[in-house]
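A.B. asks: Residue-level listing of the chains:
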Amino acid sequence: MSRTLQLALLACLTSGIVSCSRESRILRQPPPANDILNTVQISGLNPGANSIPTPPPSNMYQESAYAVSEGQTLFEQYNCVGCHAHGGGGIGPPLMDRYWIYGSEPGNIFATIMQGRPNGMPSFRNRIPEYQVWEIAAYVRSMAGLLPKGVSPQRPDEMRVKPSESSTPPQIPTGITGSPEQHQ
Amino acid sequence: MIASFIGVALALIQAKSLDPGGHNMLQPAAPQASQIEWLYWTVFWILLVVYVLMIGAFTKTAVVNRSGATGPLPIMTDEKGDRRAKWAVGTATGITVITLFVILVMSIVTGKKAAGLTSKNPVTVQVTGHQWWWEVTYPNSQADQTVTTANEIHVPIHTPIVLLTNSSDVIHSFWPPNITGKRDLIPGYSSAAWFQIDKPGIYRGQCAEFCGLQHAHMGFSIIAQSVEEFQSWEQQQLKPANEPGTPEATRGRAVFLTHSCLMCHTIRGTDAGSRLGPDLTHVASRNMIAAETLPLTAGALAGWIVDPQRIKPGVKMSPNPLAPDDLQAVVAYLQSLQ
Chain A
1 MSRTLQLALL ACLTSGIVSC SRESRILRQP PPANDILNTV QISGLNPGAN SIPTPPPSNM
61 YQESAYAVSE GQTLFEQYNC VGCHAHGGGG IGPPLMDRYW IYGSEPGNIF ATIMQGRPNG
121 MPSFRNRIPE YQVWEIAAYV RSMAGLLPKG VSPQRPDEMR VKPSESSTPP QIPTGITGSP
181 EQHQ
Chain B
1001 MIASFIGVAL ALIQAKSLDP GGHNMLQPAA PQASQIEWLY WTVFWILLVV YVLMIGAFTK
1061 TAVVNRSGAT GPLPIMTDEK GDRRAKWAVG TATGITVITL FVILVMSIVT GKKAAGLTSK
1121 NPVTVQVTGH QWWWEVTYPN SQADQTVTTA NEIHVPIHTP IVLLTNSSDV IHSFWPPNIT
1181 GKRDLIPGYS SAAWFQIDKP GIYRGQCAEF CGLQHAHMGF SIIAQSVEEF QSWEQQQLKP
1241 ANEPGTPEAT RGRAVFLTHS CLMCHTIRGT DAGSRLGPDL THVASRNMIA AETLPLTAGA
1301 LAGWIVDPQR IKPGVKMSPN PLAPDDLQAV VAYLQSLQ
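As given, the protein sequences belong to chains A and B, one line each in that order.
Here the first sequence is numbered in the numbering used here, starting from 1 and rising by one per residue.
Here the second sequence is numbered in the numbering used here, starting from 1001 and rising by one per residue.
Calculated from the structure, these hints are not laboratory results.
Careful: at least some of the hints might be erroneous.
Unchecked claim - Distance windows between CB atoms, simulated:
hint, chain 1, residue 1, chain 2, residue 2, range
1, B, Gly-1201, A, Ser-15, 55 to 65 Å
2, B, Gly-1245, A, Pro-94, 42 to 52 Å
3, A, Asn-79, B, Pro-1295, 28 to 38 Å
4, A, Arg-25, B, Thr-1091, 54 to 64 Å
5, A, Pro-118, B, Pro-1295, 40 to 50 Å
6, A, Pro-118, B, Pro-1240, 28 to 38 Å
7, A, Asn-119, B, Pro-1200, 52 to 62 Å
8, A, Gly-120, B, Glu-1243, 28 to 38 Å
9, A, Gly-120, B, Gly-1245, 44 to 54 Å
10, A, Glu-63, B, Val-1109, 50 to 60 Å
To be verified - Here are some, though not all, of the chain B residues that point toward chain A, as calculated from beta-carbon distances under 8 Å:
hint, residue
11, Met-1263
12, Ser-1318
13, Pro-1319
Glycine included, C-beta positions come from ideal geometry on N, C-alpha and C.
Can you build the whole structure from these sequences, using the hints too?
C.D. replies: Pasting the structure below:
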């Protein structure tokens, strides 16, 4: 093997190893920040003559594919699907289209979940921990295609035409043979 | 090498004299585990004999054929010696094949015996694996007669127990070494096994299939008790949760029902009815919490509620930064749920 080839191979390997950094998971949540709801702006109107609109709070969870997929799990587990289905809507409005009644910014969705909205949306303040609300908010945005593809989770199993293996009904158990007497 | 082997053998023999319930396949408390133990020791002694013979043969060769020559010896051909070597190798190969075959047959027979079911009025237990705890239900045709608990499996002694298994997320494996062999819990596939315990006691078990971050702390215990004790336990479990008896517990229930607890846990008799986490209706009747990780004490409960991620990083329960008096009230309420 020529020296150039060896060097090229080494460079490839090194760059491969260096680029292999795994996305870190946030397992221990930082303590909840001060009440962020007061900084979330719902309408474009501002009080006062020269008031400066507060910038919408960013959502660090929407940069982590793990957090967004956690949001997807929670969306199912906390029964958001009960009203919004898997984004298609039903009792509640659909979440996968481009119409937003109360805003599409992360802070708007956070406020919607925390405070509730008229005509049906309950408040989940104290019920769902704040970091999980942010994760759900990130997932809701991903349904409308507002997150990069890299972090957006796949469609949930429930939306497949054929049920996934884990949601097929249990079969009749097999594998039991023999009678008690032979083991006494 | 010999020393290490003796060390392992001594450790095994000592393991026989450890805590009887403590996760030890060499202290069987059930017919299946006895079968497995018998197979274990039989194979152990066969292999010990093989080992001694092998080491003996190597030592003999090394000692007898020792020569003082420094350079390589010329290859000597000896027709009689060659024939003898052929016989020796042939015989050794034959013995090896027969020994391995005998072990194979014993293994199959043991497996068959362990899988057979006793069917005289068995008690059925449904175990569902979750990341990272065990949901235990005692199915009954009447829904209000179905007992649901978590991590601690009460069974009557001298009674066949039919174990139905399933998993809600990933593959887990149910392994109580003192009782029986492993049984994989596969999502979407219900399987059945049986066991029977003859000695009352508490036997620890463990998930034996890597299932994620807290796999190592996914323990359970099987509590074998007399039929009468089991039935009274079952009757107690069927009741809805105790009404709180003290003002603090009453407040604890209110805290439980207005915070994130009720998003995941069930307490029958209250509004909390979610099935994501363990059923807490009779949580104070258990010995341990957090899948047999912590003893059920006020301190452990409080620490677990406030920051489970410190105790078991990655666990599905979220931290609950409750105010101190709210926390104490919740702990008092949970401890009243006998």
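A.B. asks: So, for every hint listed, does it hold in this structure?
C.D. replies: Structure-based check of each hint:
At about 58 Å, the beta-carbon gap between B/Gly-1201 and A/Ser-15 stays in the expected band of 55 to 65 Å. Checking the proposed 42 to 52 Å range against B/Gly-1245 and A/Pro-94 shows it holds: the Cβ atoms sit about 48 Å from each other. A beta carbon spacing of about 33 Å between A/Asn-79 and B/Pro-1295 agrees with the range 28 to 38 Å that was offered as a hint. Taking the beta carbon of each, A/Arg-25 and B/Thr-1091 are about 59 Å apart, inside 54 to 64 Å as hinted.
Checked against the given bound of 40 to 50 Å, the beta carbons of A/Pro-118 and B/Pro-1295, roughly 48 Å apart, stay inside it. Between A/Pro-118 and B/Pro-1240 the Cβ separation comes to about 36 Å, which falls inside the hinted range of 28 to 38 Å. Between A/Asn-119 and B/Pro-1200 the Cβ separation comes to about 59 Å, which falls inside the hinted range of 52 to 62 Å. Separation of A/Gly-120 from B/Glu-1243 is about 33 Å and conforms to the stated range, judged on CB atoms against 28 to 38 Å.
Distance hint for A/Gly-120 and B/Gly-1245: a CB-CB separation of about 38 Å, inconsistent with the stated range 44 to 54 Å. With their beta carbons about 58 Å apart, A/Glu-63 and B/Val-1109 fall inside the hinted range of 50 to 60 Å. The criterion of a C-beta within 8 Å of any C-beta in chain A is met by B/Met-1263, whose closest approach is roughly 6 Å, and the hint holds. Given the 8 Å rule on beta carbons, the hint for B/Ser-1318 holds: about 4 Å separates it from the nearest Cβ of chain A.
With its C-beta approaching chain A no nearer than about 6 Å, B/Pro-1319 sits inside the 8 Å limit, and its interface hint holds.
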